[in-house]
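*Asks:* So the chains spell out like this:
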Amino acid sequence: MNFNGYLRPDGSIGIRNRILIIAVDECCDGIAQSIGRQYENTVVMTNWYTCMLGGNEESLNQMIANAKNPNVAGVLVIAMGCGSINPAQITSEVEKVKKPVYAITCQEEGGTRKSVDSGHNKIRLLQDYVTGLKREPFPMACLVVGIKCGGSDTSSGIASNPCVGAAADKLIDLGGICIGGELFELQGCQEVLDVRASSPAVAQKIERLIENERKRWSVEGTDVETMSIGNSIGGLTTIEEKSLGALHKFGSKEIVDILEINDRVVEKPTSPGFYLSEATMLCGGSGVNFASYGAHMILWTCGAAGFENPLVPVIRVSANEDLINDDIDVDATGIMNGKESLDIVSDRIIDKLIETASGQKTQIEGIGGSTLTLYQKDQRLDTLLNIKCYKEKHL
Amino acid sequence: MKRFVVMKENDMVATALTNLKKHEVANIFTPDNNHIKDLQALEDIPYGNKIALCDLKSGQKIVKCGGIIGQCTEPIKTGELVHIHNVKSLIADIPVSFKKEIMRQMNICSKEGN
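If you're matching them up, the sequences are chains A and B in order.
Position one of the first sequence corresponds to residue 15 (the working numbering), numbered consecutively onward.
Position one of the second sequence corresponds to residue 10 (the working numbering), numbered consecutively onward.
Certain hints may be false.
[Claimed, not checked] As a list, the in silico DSS-like pairs of lysine-lysine whose alpha-carbon atoms are at most 30 angstroms apart:
1. K17(B) to K46(B)
2. K391(A) to K17(B)
3. K391(A) to K108(B)
4. K108(B) to K11(B)
5. K267(A) to K17(B)
6. K184(A) to K110(A)
7. K11(B) to K184(A)
8. K46(B) to K30(B)
9. K112(A) to K405(A)
10. K128(A) to K267(A)
11. K108(B) to K86(B)
12. K184(A) to K229(A)
13. K70(B) to K31(B)
14. K229(A) to K30(B)
15. K282(A) to K353(A)
16. K184(A) to K267(A)
17. K108(B) to K229(A)
18. K30(B) to K86(B)
19. K11(B) to K229(A)
20. K148(A) to K402(A)
21. K353(A) to K66(B)
22. K110(A) to K353(A)
23. K97(B) to K353(A)
24. K70(B) to K267(A)
25. K97(B) to K30(B)
26. K112(A) to K267(A)
27. K108(B) to K353(A)
28. K11(B) to K31(B)
29. K31(B) to K353(A)
30. K229(A) to K97(B)
31. K353(A) to K46(B)
32. K402(A) to K282(A)
33. K97(B) to K11(B)
[Said to hold, decoys possible] Residues from chain B that keep clear of chain A, each with C-beta distances beyond 10 angstroms, as calculated:
34. K11
35. H32
36. K46
37. Q49
38. D53
39. K59
40. G88
Honestly, the hints are just simulated from the structure, not real lab data.
Glycine residues also receive a C-beta, built at the ideal position from the N, C-alpha and C atoms.
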C-alpha cells in the first residue's frame with residue numbers, strides 16, 4: 015500500500031505543502047495574519063502568550079519542531095525586534111533540515127507596513143519553491159499518525175475508539191508509527207500499560223509521566239475542570255471511566271516508548287510502532303504537540319465536533335447517530351447498532367488515511383480549523399511540584 | 010428494543026444505547042451482539058448513561074470495561090442509574106460546583122438530597 019507525498023531535502027516525506035509563518039512575538043500576530051490571509055497554503059503560528067524566552071522554552075521548542083514538520087515546505091519567521099526570541103534561534107534549526115526559511119524583523123524593516131510588504135516578497139519566493147514540488151509514491155510505513163479524542167461520549171468508548179485502535183494496529187502492521195497522548199486520561203490504566211510497555215524502564219517512564227500530569231491537574235483546593243460538563247451529561251461519571259474508554263483508541267500493540275515534550279527536549283519516534291507521548295488532552299494544543307513529534311495526520315474520535323488542524327489534517331471518526339454531520343470523515347455508527355464490524359470500519363479508516371495522505375482534503379480542511387495553540391507546561395508549577403525532565407534525570 | 014451494552018464479563022454496569030424511562034425494560038447485550046438478559050429500570054436512564062446490573066454497597070468499587078471506574082458514595086440498587094450523584098472518582102473527582110451543575114442539567118438528585 016502506497017500514498018503520494020512530497021520528498022523533503024532531509025529525506026522526510028510530507029503530505030501537504032504548507033508555508034508556516036511564525037510570529038515569535040504576540041505583537042507580530044497582525045503582520046503575520048495580514049501576510050498569511052492572502053494565500054491558501056499559509057498557516058500562522060503566533061507565540062500568543064508572551065515575547066519573553068525565559069520560562070517559555072517549551073513554546074520555542076515547539077515553534078522549531080513545527081517548522082521542521084514534514085508537512086511544512088517553507089518557513090517565514092517574524093519578530094518585532096524588542097522581544098527576547100531571536101528569529102535566528104528558529105531559522106538556524108530549520109536550515110539544518112535544508113528547508114527554505116526567511117526571517118524579518120519589524121523594527122529593522124522600518125515598521126509594520128514595510129514588514130508586510132517584505133513578508134509578501136519572501137512568501138512569493140517560497141511559493142515559487144513549492145510550485146516545483148511534485149508528489150511521488152511512498153509506502154504507508156512512512157506515515158506518522160497522532161491519535162486523540164475530543165467531545166467524548168458513550169459512543170466513543172463503545173465504537174469510535176475501538177475502531178480507531180484497530181486501525182492503529184493495522185497501520186503499525188504496515189510499518190507505520192502511531193502516537194497517543196492525553197496522559198491525564200490514562201488514570202487507572204497502569205496495569206494494562208505495564209503489560210504493553212516494551213521494557214520495565216518504559217513502563218516506569220509511563221507511570222512517572224502520567225503521575226506528573228495528575229499532579230499538575232489535580233491541585234487540592236482548585237476547581238480546575240478535567241472532564242467537561244458535556245462529558246458527564248453524555249454519561250461519563252469519573253476520569254477512570256473516561257480513561258478506560260479512551261485507552262481503546264490506542265490499539266493493542268507494544269508501547270515502544272513515551273515521548274517527552276518540555277523546555278529541554280522534544281523526543282521523536284525513532285522506529286515503527288505505537289508510542290505514548292505528552293501530547294496534551296486539550297485539542298488545540300495537542301495538534302501542535304503532534305506536529306512537533308512529526309505527525310502527518312491526526313485520527314480524532316468525537317461526537318460530531320469539527321476539530322481540524324491547519325498543519326496536520328485531522329480525520330474525524332464518529333459513532334454518534336444523533337450528532338453526526340458532514341464534518342465527520344468516517345462514520346462508525348454501524349458499530350453502535352450492530353450493523354458493521356470493527357474490522358470493516360477500521361479498514362475504512364486506513365483507506366481514508368491513504369486518500370488524505372495523497373492530497374485529498376478532509377471534510378473541513380481549509381474551511382474551519384483550530385488556531386495553532388502553543389500550549390506549554392508551567393515551569394514554575396513543575397518546579398513547585400518537583401517535576402523534572404525525565405530524560406535528563408535518567409541519562 | 011431498548012439496547013444496552015455490557016463491555017466486559019464481570020462489569021457491574023451496562024450502558025444505555027437508547028433513552029430508557031423508569032419501569033421500562035433494558036435489553037442487555039455484549040459488544041458481539043449476544044443478548045444476555047433483561048432488566049427493569051427503577052429510574053430514567055438517559056442515552057449513554059449506566060444502569061446497575063447488581064446491588065452495590067456504599068464504598069464498593071465499581072467495575073466497567075474490566076477496570077475500576079470509581080467508588081459508590083451511597084447504596085445503589087439493581088436497575089438504578091449509576092452516575093456522579095452516587096459514584097466518585099478514586100483519583101480526581103469532579104469539583105462539587107460542577108457536579109451540582111451536571112445534576113441540575115440532567116435533573117437528577119442523590120438520595121441524601123445533595
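*Asks:* Could you tell me which of the hints above the structure violates, numbers in ascending order?
*Replies:* 2, 6, 7, 10, 12, 14, 15, 19, 20, 21, 22, 23, 26, 27 and 39
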